[in-house]
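Engineer: Going by the working numbering, the first residue of the sequence shown is number 1, and it counts up by one from there.
Errors might be hidden in some of the hints.
Said to hold, decoys possible - Simulated crosslink set (DSS-like; lysine-lysine; CA at most 30 Å straight-line): (1) K17 <-> K86; (2) K17 <-> K76; (3) K84 <-> K17; (4) K22 <-> K76; (5) K84 <-> K22; (6) K86 <-> K22; (7) K86 <-> K76.
None of these hints come from the bench; they were simulated from the model.
Bear in mind that the values here come from a model prediction, so they are computed numbers and not experimental data.
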Amino acid sequence: MDWLLLSLVAARTNAIKEALAKAGLAGMGLRDPQTLSGGQQARLALLRTLLAQPRALLLDEPFSSLDGGRREEMVKLVREEAVKRKLPVLLVSHDPRDEALPDKPPYRLGA
Numbered sequence: 001m002d003w004l005l006l007s008l009v010a011a012r013t014n015a016i017k018e019a020l021a022k023a024g025l026a027g028m029g030l031r032d033p034q035t036l037s038g039g040q041q042a043r044l045a046l047l048r049t050l051l052a053q054p055r056a057l058l059l060d061e062p063f064s065s066l067d068g069g070r071r072e073e074m075v076k077l078v079r080e081e082a083v084k085r086k087l088p089v090l091l092v093s094h095d096p097r098d099e100a101l102p103d104k105p106p107y108r109l110g111a
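Could you build all of it, start to finish, from the sequences and the hints given here?
Structural biologist: Here's what the structure looks like:
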């Protein structure tokens with residue numbers, strides 16, 4: 001039974017390390033989140049959400065604190081994970097660039 005638990009912990013640890021690397025946060029897994037920049041904290045929050053295996057994504061301005069390159073990387077990561085897992089996504093944003101996230105035309109409220 002111990003080997004099963006150890007293999008599950010190892011698999012989870014690997015998933016976390018891979019996610020951190022994808023978000024440009026490799027090697028920062030043990031840092032206190034308060035020591036991270038605002039953009040790093042935003043990326044970490046998105047990763048924690050995705051690693052929790054949600055059945056839907058509810059995102060409120062998730063990319064607003066990210067600079068251009070990191071922003072595009074995180075939009076791509078969230079899009080890929082949502083498509084791969086067939087997750088419904090509700091994204092609240094005032095930024096027209098966020099329309100690139102869904103694989104279908106967005107529904108707009110109060111446009």
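Engineer: Does each hint fit the structure? Answer for all of them.
Structural biologist: Cross-check of the supplied hints:
no.: 1; hint: K17 <-> K86; verdict: holds, 23 Å
no.: 2; hint: K17 <-> K76; verdict: holds, 18 Å
no.: 3; hint: K84 <-> K17; verdict: holds, 19 Å
no.: 4; hint: K22 <-> K76; verdict: holds, 10 Å
no.: 5; hint: K84 <-> K22; verdict: holds, 16 Å
no.: 6; hint: K86 <-> K22; verdict: holds, 20 Å
no.: 7; hint: K86 <-> K76; verdict: holds, 15 Å
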